[in-house]
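Number of protein chains: 2
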Amino acid sequence: MSFAWTPDRFNRRVQQISQPPRALPSPPEIVSLAFGSPDPRLFPAAGLAEAAATALRDFPAYSVALQYGNPIGNPVLLGELAKKLEKDEGRPVEPGSLTITSGSSQALPLVFQALADPGSPCLLETPTFLGTVRHIRFNQIEAVAVPLDDQGLDVGAVGAALDTLSAQGRRPRFLYTIPTFNNPVGMTMPLERRLALLDLCARHGLPIVEDDAYRDLWFDAEPPPTLHALDRHGLVIRLGTFSKIVAPGVRLGFVLADPAVIERVQMFKAEGVTNGFASLVVGTFMKSGGLASHIEVLRRDYQGRRDALLSALAREMPDGVTWTRPTGGFFVWLTLPPQADVARIAARMKEEQVVALPGTECYPDGRGSHHLRLAFSLQPPERLAEGACRLGRAIRAGLHK
Amino acid sequence: MSFAWTPDRFNRRVQQISQPPRALPSPPEIVSLAFGSPDPRLFPAAGLAEAAATALRDFPAYSVALQYGNPIGNPVLLGELAKKLEKDEGRPVEPGSLTITSGSSQALPLVFQALADPGSPCLLETPTFLGTVRHIRFNQIEAVAVPLDDQGLDVGAVGAALDTLSAQGRRPRFLYTIPTFNNPVGMTMPLERRLALLDLCARHGLPIVEDDAYRDLWFDAEPPPTLHALDRHGLVIRLGTFSKIVAPGVRLGFVLADPAVIERVQMFKAEGVTNGFASLVVGTFMKSGGLASHIEVLRRDYQGRRDALLSALAREMPDGVTWTRPTGGFFVWLTLPPQADVARIAARMKEEQVVALPGTECYPDGRGSHHLRLAFSLQPPERLAEGACRLGRAIRAGLHK
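Sequence order for the protein chains is A and B. Counting in this note's numbering, the first sequence runs from 1 upward without gaps. Counting in this note's numbering, the second sequence runs from 1 upward without gaps.
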C-alpha cells in the first residue's frame, strides 16, 4: 500500500507550465539588472513604523482593518487612494470604481479572468511585462501580438489586428498596454497617440487594460494623462501598484474601472478582503503626507540611477548596439545588432557575473532574442556603471568573432 | 458611438454566480451570530505594534520582507511557523512542505485548483464551511456530499461514495474535511475515527484536504492529533490560518503538504510572494513569544463565550430544538424540529434583529433548511445571551401556529 503524487493527480494546466523567472536575491558578486525590484535601501521603513504605531492605537480604524471586511478594500486606504487618483487624473473616482488587490501582480489575472474565457483572444502589445505574458498563457487566453513603435503601441496595427479577427468572426476581449514608462521598453505614449488609440477602441468597443505601475516615478517632466483619465466611454481599466512607491512586500495594488468591471473582478478574489493590515498602515502613511514626500525622494534617486546607467552605456557599448532613454520608470531596452551571437553573449554574461532579462521573456511567441531589458532600480549608480562595463565586454565578445 | 459593459463582455463563470454572504459589520442594534469573525477587542494590537517597530528597525529582515521574494513565503514567518507546527504535530516539517497563503480563504481555492480540473469530482463532508462550497462551485469541481455523524465524517459513507464513483469509472481528486472543531457543526473527530479514515483513504489513494482553522482554540482538552500528523503516506494536505489567533486582516494562512503539492499550489498564486510585510510582523510577534501567550488569552475568553451561549440556549430554546456542544472553535449548530416553519422563523429573526447563518449555506445542494449556525466569537457573553433570547422568541413563533 503506497501513495504517490503522480502528475495525473494535479490540474492539467500545471502539468505543462514551468515556474516563471523570479526576482530572487542574487549573491553580491553578481550585478543584477534583471528585475524591476526597487532598492530596499529606499523602503520607507521609518515612515511605515510610525504609521503602524499610529494606526494600531486607533481602535475604530484597526478593528475594521484587522477584521474580515469588504472585498473592495480597506476604507482608509481606499479613501486616501481615491484622493490621490482624483488629483492625478483631474476627475472624480466614482463610487464602486476602485478596488484594492494584492499588488498589480494579482490585479492582472483577476482582470484577465473577469474579461475573458479560456480560448478568448486578446490584443497584447509587445514586447511587454513578463508577468502579463505568463498570466495570459496560464489563463488559456490567446494573445494576438501588436507591436510598439517609438511612440508606444502602433494604433494602425491595432486596427489591422481587429480587422483580421473580425474577418474570422472573433472579437478580442481586451487590449493590454503599458503606455507610460513602458515595461520593458521604457518609452511613453504621447497624448495624440493616446487619443487616437482611445478613439479606435471606442469605435470597436474594445476594452483597454492600462497597466500603470511607474507613473509617479517621472524624471524630466510629468507624463501625459492616463488613458483612463482621457476615456469618455468607460472602457479603460487602469491597474496600479504600491510596489514601486512603497514596497512590493506590502502587496497592495488597485484596479480603477467601471463598477461593472470591479464587481466581476471581486468575484475572482478568492481571499475576500485584501491585506487589511498593510492597507491600514499604507493608508495612514499616505494620510500623514509621508508617501507624497517619499515619492519626491524616489524620483530624484531613480533619476540619478537612470543617468548613471545611460552614461555608462554610452561609454561601454560597442557600435551597433542601441538602447532607449526612458523619462521615468525602471527600464532601459537594449537592442543588439542582427549579427550578434546571442548565445555567446549570454555565456559571457554568466562569466562576467552580470544579469539582464532576456528579451524573449517579454514576448508570448519566442521573439526578442536580440534584446535585453536592463533595470536600473535595484543597483546604486556605481554598480550600474560596473554592470554596464561587464555587459559591454560580454557583448563585444559576441560581436567580434 | 457608445460602449456598454454588457454581460457577454465577461467570463461566463461570473455570469451565473452571485456574491457569497460576506462578514460585513452590522449596526449595533443587531445581534449577529452569523459569521466566524473574531472579536476585534481581542486583536493583539499592542503586540503587533511592538513587533512592527522591532521588525522595521532590522534592515536585513525588512529588506527581504518588503521586497519581491520567494512565493513560498517570508523566511521569518516560515521559520516560526515550522517550529510551531513541529511542536503541534510532533514531527519535523520537511523542506518544501510549507507555504504561506493569503489566509486559508486563498489556500482553499489554490489547493482545489491544483488538485482538480473543471468537471473532476471530489468528496465533500457536509455540512461544511460556506467558503468551501463556493470555491468548489466556482472552480467547476463536482462535489459529492458525504455526511457527518456525531463523531465527524462517516467513514462508511466515504467508502460507499468511492465505490459508487468507481463503478462509474471516476476517481475523486480529494476529500475535504474539517475534523477539529468543525465548521459549522462544532464537533471533533476522535482519534480512532481519524485512523480509520486515513486507512481507507490510503487504500484508495484518496488525498485528504484537512482544513484546520480552530485547533489552537481548544477549551476543555487538547484535540486529537491532526490527520496530517497521523498520516504515513503523504496524502494529507493541511490548511491553517492566522485569522482566528491573530486577526483576519493580516491575511496569512498556510498549506502544509507533500512538496509536490506545494510546488503546484505555488503556480496558482498569482501575486507571487504573499504579504511579506504582514508575515514579518506576525513572525516577529511569534518569535517574541507574544503569539503563544495571546493564544492562552483567547482560549479562556472564547471558552467563556461558549459557556455563555450554551447556558443561554438551555434557558431560551423551546422543546424539540437541539444543538451541539463544541469543545473548541467558534460554532454551535442548531437543529430545528421537522415541523418548524423556517420561513416564519427567518421573518421573525429579522424583526427580533438577530442574525444566524442559514444551514443551507453549508451544503452544496440546498439542504440544511432546518439548521442554523451560531458563532459565539464576535459577541461578548451578555450579547450572546441576548441573541439566544431573541432567537428563542423567533423559533417559538415558527413552532406554535
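Hints in this document: simulated from the structure, not taken from any laboratory. Check before you lean on any hint, since a few could be wrong.
Output of the computed footprint for chain B on chain A, the stretches with three or more beta carbons under 8 Å from beta carbons of chain B [claimed, not checked]:
#1 36 to 47
#2 56 to 64
#3 110 to 120
#4 199 to 212
#5 255 to 265
#6 270 to 277
#7 308 to 318
For every residue, glycine included, the Cβ atom is placed at its ideal position computed from N, Cα and C.
Outcome of the hint check:
no.	hint	in the structure
1	36 to 47	holds (count 7)
2	56 to 64	holds (count 6)
3	110 to 120	holds (count 6)
4	199 to 212	holds (count 4)
5	255 to 265	holds (count 4)
6	270 to 277	holds (count 8)
7	308 to 318	violated (count 0)
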